[in-house]
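Colleague: If you count the sequence shown from 1, you need to add 1258 to reach our numbering.
Worth flagging that the hints you see were computed from the coordinates, not collected in a lab. It cannot be assumed that every hint is accurate.
In silico DSS-like links for lysine-lysine, alpha-carbon gap of 25 angstroms or less [to be verified]: (1) Lys-1317 - Lys-1304; (2) Lys-1304 - Lys-1333; (3) Lys-1349 - Lys-1375; (4) Lys-1375 - Lys-1339; (5) Lys-1309 - Lys-1375.
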Amino acid sequence: MLQESEGAGIGTAAEQLDKSMIKSQIRRFDRVLEEAIPGRLTGQQKDALVKREKELIDKFQEGLPTRYEMDHPAKCPGAVKKHQRWSSANKHLIPEWRNIQRTLRPGEEISIEQLRKDGARSKYI
């Protein structure tokens, strides 16, 4: 918008632009972006995050419905309730998991869905 307003004069749309407001918004956005960029982690910090990640994996896999149960809930009675119980029990840990993933593997995060085991078909199905 600023570039379009260059060279435009009185009586045009450029006259109505508040250039100082736009420039201050740009500076504010630049500051927010700069603050959002994570700093470099030390080796100890990475080790602590990897350790916590392993703890969360163990915690998440307890009671996590298998991929088969999630794909075929009609064939697996109680699968939906099992997922709801798991979800409510781990609701407070999921944001921590996401933050750890974003920190350790930016752009290549591991989803909780990838932690699901394949599961075997029941002999009754």
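Colleague: None of the hints should be skipped; say for each whether it holds.
Modeller: Hint check:
Note on Lys-1317 and Lys-1304: the hinted pairing holds, with a Cα-Cα distance of about 20 angstroms set against a maximum of 25 angstroms. With a C-alpha separation of about 42 angstroms, the suggested pair Lys-1304 and Lys-1333 falls outside the 25 angstroms cut-off, and the hint is violated. For the hint linking Lys-1349 to Lys-1375, the alpha-carbon distance of about 20 angstroms falls within 25 angstroms, and the restraint holds. For the suggested pair Lys-1375 and Lys-1339, the alpha carbons sit about 18 angstroms apart, so the restraint of at most 25 angstroms is met.
Our distance criterion of 25 angstroms between C-alpha atoms is met by Lys-1309 and Lys-1375, whose separation comes to about 21 angstroms.
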